[in-house]
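Protein chains: 4
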Amino acid sequence: MEIEKYQIDAHNEKLDATHKQRFSFAASENARVEEVISKLIKFQIAIPSWALGTGGTRFGRFSGGGEPRSLEEKIEDIGLLHKLNQSSGAISLHIPWDIPTDYDAIKSLAAHHNLRFDAMNSNTFQDQADQKLSYKFGSLQHVDKAVRQQAIDHNIEVIRQGVALGSDALTVWLADGSCFPGQLNFRKAFQNTLESLEEIYAALPDAWKVFVEYKAFEPNFYSTTVGDWGQSLLYASKLGPKAYTLVDLGHHLPNANIEQIVSLLLMEGKLGGFHFNDSKYGDDDLTAGSMKPYQLFLIFNELVDGMDAKGIDHATGLGWMIDASHNVKDPLEDLLQSVDAIMISYTQALLVDRAALTVAQQENDVVRCQEILQDAFRTDVRAIVQEARLRSGGAAQPVQLYRELKVRENLIANRGLKTVATGL
Amino acid sequence: MEIEKYQIDAHNEKLDATHKQRFSFAASENARVEEVISKLIKFQIAIPSWALGTGGTRFGRFSGGGEPRSLEEKIEDIGLLHKLNQSSGAISLHIPWDIPTDYDAIKSLAAHHNLRFDAMNSNTFQDQADQKLSYKFGSLQHVDKAVRQQAIDHNIEVIRQGVALGSDALTVWLADGSCFPGQLNFRKAFQNTLESLEEIYAALPDAWKVFVEYKAFEPNFYSTTVGDWGQSLLYASKLGPKAYTLVDLGHHLPNANIEQIVSLLLMEGKLGGFHFNDSKYGDDDLTAGSMKPYQLFLIFNELVDGMDAKGIDHATGLGWMIDASHNVKDPLEDLLQSVDAIMISYTQALLVDRAALTVAQQENDVVRCQEILQDAFRTDVRAIVQEARLRSGGAAQPVQLYRELKVRENLIANRGLKTVATGL
Amino acid sequence: MEIEKYQIDAHNEKLDATHKQRFSFAASENARVEEVISKLIKFQIAIPSWALGTGGTRFGRFSGGGEPRSLEEKIEDIGLLHKLNQSSGAISLHIPWDIPTDYDAIKSLAAHHNLRFDAMNSNTFQDQADQKLSYKFGSLQHVDKAVRQQAIDHNIEVIRQGVALGSDALTVWLADGSCFPGQLNFRKAFQNTLESLEEIYAALPDAWKVFVEYKAFEPNFYSTTVGDWGQSLLYASKLGPKAYTLVDLGHHLPNANIEQIVSLLLMEGKLGGFHFNDSKYGDDDLTAGSMKPYQLFLIFNELVDGMDAKGIDHATGLGWMIDASHNVKDPLEDLLQSVDAIMISYTQALLVDRAALTVAQQENDVVRCQEILQDAFRTDVRAIVQEARLRSGGAAQPVQLYRELKVRENLIANRGLKTVATGL
Amino acid sequence: MEIEKYQIDAHNEKLDATHKQRFSFAASENARVEEVISKLIKFQIAIPSWALGTGGTRFGRFSGGGEPRSLEEKIEDIGLLHKLNQSSGAISLHIPWDIPTDYDAIKSLAAHHNLRFDAMNSNTFQDQADQKLSYKFGSLQHVDKAVRQQAIDHNIEVIRQGVALGSDALTVWLADGSCFPGQLNFRKAFQNTLESLEEIYAALPDAWKVFVEYKAFEPNFYSTTVGDWGQSLLYASKLGPKAYTLVDLGHHLPNANIEQIVSLLLMEGKLGGFHFNDSKYGDDDLTAGSMKPYQLFLIFNELVDGMDAKGIDHATGLGWMIDASHNVKDPLEDLLQSVDAIMISYTQALLVDRAALTVAQQENDVVRCQEILQDAFRTDVRAIVQEARLRSGGAAQPVQLYRELKVRENLIANRGLKTVATGL
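Protein chains in written order, with UniProt numbering: chain A, 1 to 424; chain B, 1 to 424; chain C, 1 to 424; chain D, 1 to 424.
Honestly, the hints are just simulated from the structure, not real lab data. Mixed in with the good hints, there may be bad ones.
No distinction is drawn between identical chains; accordingly, a pair holds when it is met within one copy or between any pair of copies.
What the hints assert, rightly or not - Simulated crosslink set (SDA-like; lysine to any residue; CA at most 25 Å straight-line):
| id | residue 1 | residue 2 |
| --- | --- | --- |
| 1 | Lys145 | Ser63 |
| 2 | Lys14 | Ser28 |
| 3 | Lys238 | Lys270 |
| 4 | Lys188 | Arg354 |
| 5 | Lys132 | Gln150 |
| 6 | Lys132 | Gly64 |
| 7 | Lys145 | Ala355 |
| 8 | Lys242 | Ala129 |
| 9 | Lys188 | Met267 |
| 10 | Lys145 | Glu363 |
Only a predicted model underlies this, so the values are computations on that prediction, with no experimental measurement involved.
From just these sequences and the hints, can you work out the full model?
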């Protein structure tokens, strides 16, 4: 299924008058609105191939219907999202779930949907059917060099797949760790992991980056071998200039100040990318901005400030990706909500009066610092985000149009009710 | 110092044009704006007498200047706040810090500032200079009946003070608990506390309420004898119809869902009052809405929904109070920011389309449920709150006017730089 | 496979001299050792049928081999455990995973292994293949009465199964809750759940109990409808005298004082049973005592103290069960370790000098209170637990004998390497 | 007051028979007992000068009596502790609270009590009476270079004091951070702090070390500028080889795996020292081992393993110190309990069968790994610790003898009931 331009136009037409009034008010209130819009238009958030089906927990999974049955259908789904919001122009693949059979066909399908291939993701947290050695006790950290080698080879194969598709980054998320005190020698686990990463690093083509993702816990419940930003930074620093830390919002201990971590990683030149989601308890993988929208804004506030200070291009300097699990919502609607929340936070961060903030900080005027940030956060920027979307050819109200066009019903009709997205 | 009407008028005049434009847009977008404003005008948040000076931690305290040196000056300070925002028309006293010498004089001073006396607060978490027995090992829970009796008598004395001033509620916050495993017999501590509360309850005049506040930890670091809402509800249920639970936002374990607690307490008819503040780690006592504004909105969403369902008047049905500590901000500016954040959240909660939400809930349309709540939260309601404030005679921008009028400089000139608010 | 008496005897013989020396020292140090041993012998911990296979997380599962393929094989596995430790003489079934085909055969199989049928567990957190309506949006809380009725009927069916087998309790763990703000009306969800539970309660035979289990989060990540002990107690109180709260150690928010909860529930006469496991982050379901053994001891300290105060028989008054997930260990070895840790904690709690503790508490001698508890905890009670096990006919070192007898290799030979325990 | 040798001898005599029996059993069970004892004898834990008086919280402080009124009396108190346990042979001073008037007199007083001067502690978290500029908004991070310079100068002065006394390390704990979003530019705060530390570092004498302590929160409640081990390591790495990270057990986010942090810092050669205490919620500063004794053991397990791997001497390679707050116990009894718990954990860690553990780890035998650690932890090592203490001339039961000799009553008689330890 594809959404046609005339369908978007008709939808936009209907909502045009209301939008114009709101945008005109927003523009009258914000002098820099055009500059903001031009940044919004360039800002694209990658969609991971595994987020298109219904997610679940260890207790079960309640599948919806019409889930993509192949890489082609995953691309089709992201194409639908991107058509609607014009901000989801990239796909992040997961190997082995998404190995193409025909690379050229896949590349032209993606091009047809205006999608580029974002960071490639390896998988050493599960055993595949045909796999020789098990990752039950880790992969890159494993006490047995043969297991480590298998995991290294897999990562190098993922790079090879990425090169064939035109990606330029590898994300390594490791489930490696331990469930019980004593299970691991922490230092040896670190050293094994480092040596394994060095072999993978050596296989990176020029202009490629490797992102070392950290996570505090789950699926291991005592220790994780890349457990926090400090550990990730240690690996990335030892590896070299192509290695960066990747921040996933749900991968922290309770109460962590993530925006400070983001700021310091930018300071060190080692922030590589981002996995957006939201959470209340652990790695809940909820819709971005659904639980702590102010935190999302504060993170974007640091991103904008730090990237500008370092001369990093907002659109291309870091890897932006959603990583969420859609357990009770239609995955495509959920992704539309996430992208929307991200664009809203980014817009609010762009509206922060940075000159005034710097003065207030210099004067230790804490009341004023808060006022400046909250002034931006309390601003209703939805019309600005919508204007940017409209100028890019997207829909005024993506979720609404998605429902009007009965996209899900259509996908179910085409793909069936009991499909399971590959990989899940 | 008092702020004169002409000063407020001059300030409002200056900001009038901008406000009119913003409010007119807000009104055009929200059909129920007048109904909302009438509710906002009635909504008053009590200021505790101990929040007018600079706060601190066990590591130290960096006092500002011009802090109130007497109950009279505390009332004067709240009078200033109320003059500016017209939403702080109540004061909550703390005994023994605020024992009046002349009740009639104090009552007419409060009346002069349009303030009423909110819930009275007892203090059994510190030893006073002239105190016979120590609360080192608890008060109402104490193993020694003589200590319990002293604490009971103190609470009854607080009621007596409150009666003299026209208050009609007693808030009992107990530091009682233990620092080490084994220190307490939990059941006996509960029973002692219950019996002590029963004696206090028996001394409540008709039409009085007692609020049993709970707190997870601090100043005790192993157990607290009224430690969570479940325990508070148990006490309140056993005590009788005049006893209620009081919720302080900072008194929970990490990640607690406070809005659900609020909802269930309303369901049980046992929610008595609220202490507003914000926090990231523990009982940080930060400015309301400064850390988790969405949580504050979600709490108000439950309050509005639950009070309406139970037929509870928003303005008078529950006790609304700020309880914060102003360590790095001017206390009066901090309180203005807190009240503002509370009014914003309340307004957004009033704007929630409840009919649509009920339908979406009934249909398990989770995407729509979120859209409905976030539609209200993302709305910029500041002009609505400002309009309500203006109609009540308050200032367009309270913090701004406070600074223009150099209130703090004035207070310092009158009271001195090295004053310490009584009680701190 | 069954373990023969002569095999246990041979093993015990080998370790006899060492044990005798250790036990004789332990006996010389603890005057009440015989009284303790007689209690240990009676203390039995139920094993849940679902804990016999390898567990996993949403990220994957690394199965071991020889897992039970049927209810008969599950009973066989628990029979092996009980033969080894003589403390696992009960099985807790899960419906629909464990519906017997021949009740008499199952009952005599269990009797053959000296096992009784502990609390029955219902399942409304997953959809079964043949199920008419989905539990995606809850079961007993569901907005649709038809779904609620289906879940009620299922629970009543579980009772019926339990009656046929001779069980006398139903454990209701509900995944019901919400993943996003706004998804649920908390009060209606509570009321629906309560009404559903009332129908189930009405179907309880005389002498049956129903345990209402609470859990803070997972699989729902915003709210849970039986989310903490306060909510569970509210349901149990409204339901009536047959309804109790069940405490699972992993179902709390970070830093919760579980032992205080246990004590208060005992005080209220509403503690029904226990699910043992351990955790560091969330519901990690690790081996009991593997992470926080002092907490386990403190819980037993409250259990012993509270049960004795209320005249509750240690062995039969409450439901004792392990609920863990064995992701990286052999499930049977893991269960042996859990039972051992529980017996050790129980023994240490029995050794606490309660008379001295009461005096120290009465004198607020906190140092002494701690000394008394830690004196018991620091005591090496393994020889006492071993002596109790030996007197009951169990093995001196259950894990060691399990390995000597190559039980797992045997089970793999009989059942195959790639089996999956039913239900997982 | 001093405790005489004959008093210790009389006490030990009385308990001799029982001890001999217990130690003889312990020795018969542990082949390496003599090696362990020789390590215990050398292991000394510094006592901070500020831990000798009653502590408190922001809510109040319930002082005991007989608290030291001067540096001389603080040394006297630690002398008492060391006399009793022979494991507290060092004092850690805090400037400006402990500036000596006569260095030689202080040094010979310390020598008289067999105490050496451990790390010196600076104080920039409070304003002193005579201080020119305020630390309200930070010290080494401050936006104003003049404030930073004042704090730098203070730290250099602390070094100077330490040199005069024979100390060789400086501990820098910074309260620096922020209470509200926006208050700080995180990167500038880091850079300012780093530059300030560089100036202090430059003033370090040869053979001195500087310890950079980290803390997640309190007294700042939004961000801390040395907030976690990752940040501390970043500072220490940038500063140079004399700079190390200091770990305080209470300074982490909930659920942090501290033992892994310890292990990795040792791996990096950057673990400098330790502040022992225990906690349930935040920086509760409770008696070491009173809340999570298994965690304390696991930390020592990593310390022993990592120090041995790196060839670091247990007794002299790292700085060992207690940092606790004694709110409800007699401070001296509390310190005796802490030292005892530390010695017990250290002993248990020394008993771990490391060769077997390495094999089990290599075989991924998780069950066995746990058995090996818990075998050491479950061992009652109190007689071994007592034997070490006796051989050093200490008391069999320090707390018991402290009470028998009525030390506290004595100190109250000498110093008065209402004294307040200087600095608090």
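Hints, verified against the model:
1. Lys145 / Ser63: between (39 Å within a copy, 22 Å between copies)
2. Lys14 / Ser28: both (23 Å within a copy, 19 Å between copies)
3. Lys238 / Lys270: So lysine 238 and lysine 270 pass the 25 Å test inside a copy (12 Å) and across (16 Å) alike.
4. Lys188 / Arg354: Answer is between: at 14 Å across copies they meet the 25 Å cutoff, but 45 Å inside does not.
5. Lys132 / Gln150: Only inside one copy: lysine 132 and glutamine 150 sit 8 Å apart there, 45 Å across copies, limit 25 Å.
6. Lys132 / Gly64: Classified as between: cross-chain Cα gap 15 Å, same-chain 34 Å, threshold 25 Å.
7. Lys145 / Ala355: between (54 Å within a copy, 20 Å between copies)
8. Lys242 / Ala129: neither (32 Å within a copy, 49 Å between copies)
9. Lys188 / Met267: between (29 Å within a copy, 9 Å between copies)
10. Lys145 / Glu363: So lysine 145 and glutamate 363 pass the 25 Å test across copies only (13 Å; inside, 57 Å).
Checked against the numbered hints given earlier, the structure breaks only hint 8 and satisfies all the rest.
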